[in-house]
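Position one of the sequence shown corresponds to residue 271 (my numbering), numbered consecutively onward.
One should not assume that every hint holds.
[Said to hold, decoys possible] For lysine to any residue, the following SDA-like pairs were computed, each having C-alpha atoms within a straight-line distance of at most 25 Å: (1) K271 - K377; (2) K271 - H344; (3) K271 - A346; (4) K377 - V306; (5) K377 - L366; (6) K271 - D316; (7) K271 - M298; (8) K271 - I297; (9) K377 - E365; (10) K377 - V364; (11) K271 - I358; (12) K271 - I330; (13) K271 - S325; (14) K377 - V281; (15) K377 - V315; (16) K271 - V310; (17) K271 - V281; (18) K271 - L363; (19) K271 - F317; (20) K377 - F356; (21) K271 - V315; (22) K271 - A373; (23) K377 - P342; (24) K271 - I326; (25) K271 - L354; (26) K271 - V329; (27) K377 - I358.
Hints in this document: simulated from the structure, not taken from any laboratory.
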Amino acid sequence: KILQCAVYVLVAVFIYGCPSESDAGAIMWTALTTAVRFAVAVFFVDFSTGIPAQSIISVIEAYTLCTRDQQPLHVAFFHQLCVLAFIIFAAGLVELNSRSRIAVLLKSESMVTSFR
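Please take these sequences and the hints and turn them into a complete structure.
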């Protein structure tokens with residue numbers, strides 16, 4: 271969990287410090303930060319720290335969009351809410367898939383062991 275928290279802190283610092291202008295570069299940076307957030311959420315599938323950390327990162331990114339890019343607050347908040355929902359949903363699907371595969375593997379190993 272310490273490594274996970276450290277990675278989330280580094281991602282938050284990266285998102286707060288990344289350059290953003292009000293031109294085509296801002297779209298690229300938004301896509302990059304969303305991809306980084308998604309990769310971290312899928313790599314560390316733990317909802318006890320992932321949901322609060324992703325929520326804090328969404329607030330940080332909405333703040334930077336409002337202050338630096340002069341986006342209206344409600345637009346930035348709604349955008350980050352959609353990104354947060356997508357990331358949590360995708361991480362949940364990955365966790366569900368991983369757990370079901372592990373359960374099937376353990377069940378098949380126990381069946382093979384019982385035949386011996």
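**OP:** Given the hint that K271 pairs with V329, test it: the Cα-Cα distance must not exceed 25 Å.
**Re:** holds (22 Å)
Original post:
Straight-line Cα separation of K271 and I330 no greater than 25 Å?
Top reply: Status holds; Cα separation ~21 Å.
**OP:** Could you grab the alpha-carbon distance between K377 and V306 and see if it respects the 25 Å cut-off?
**Re:** violated (35 Å)
**OP:** Below or equal to 25 Å on CA atoms is what counts here, so check K377 against V315.
**Re:** holds (23 Å)
**OP:** Sort out whether I358 lies within 25 Å of K271, counting only the CA atoms.
**Re:** holds (18 Å)
Original post:
Are K271 and M298 close enough, with their CA atoms no more than 25 Å apart?
Top reply: The given pair, whose Cα atoms are some 30 Å apart, is violated under the 25 Å limit.
Subject >> Pair hint outcome, K271 versus I297 [Cα-Cα no greater than 25 Å] >> reply: violated (32 Å)
**OP:** Would you mind confirming whether the straight-line C-alpha gap from K271 to A346 stays at or under 25 Å?
**Re:** Roughly 30 Å between the alpha carbons, so the hint for K271 and A346 is violated.
**OP:** With a cut-off of 25 Å on the C-alpha distance, tell me whether K271 and F317 pass.
**Re:** holds (11 Å)
Original post:
Keeping to a limit of 25 Å between CA atoms, is the pair of K271 and V310 held or broken?
Top reply: holds (13 Å)
Original post:
Under the criterion that the straight-line Cα-Cα distance not exceed 25 Å, is the pair K271, L363 satisfied?
Top reply: With Cα atoms ~21 Å apart, K271 and L363 stay inside 25 Å; holds.
Original post:
Has the given pair, K377 with F356, been kept, meaning a C-alpha gap of at most 25 Å?
Top reply: Violated: K377 and F356 sit about 32 Å apart, past 25 Å.
Against the hints set out earlier in the document, violations occur for numbers 1, 2, 3, 4, 7, 8, 14, 20, 23 and 27.
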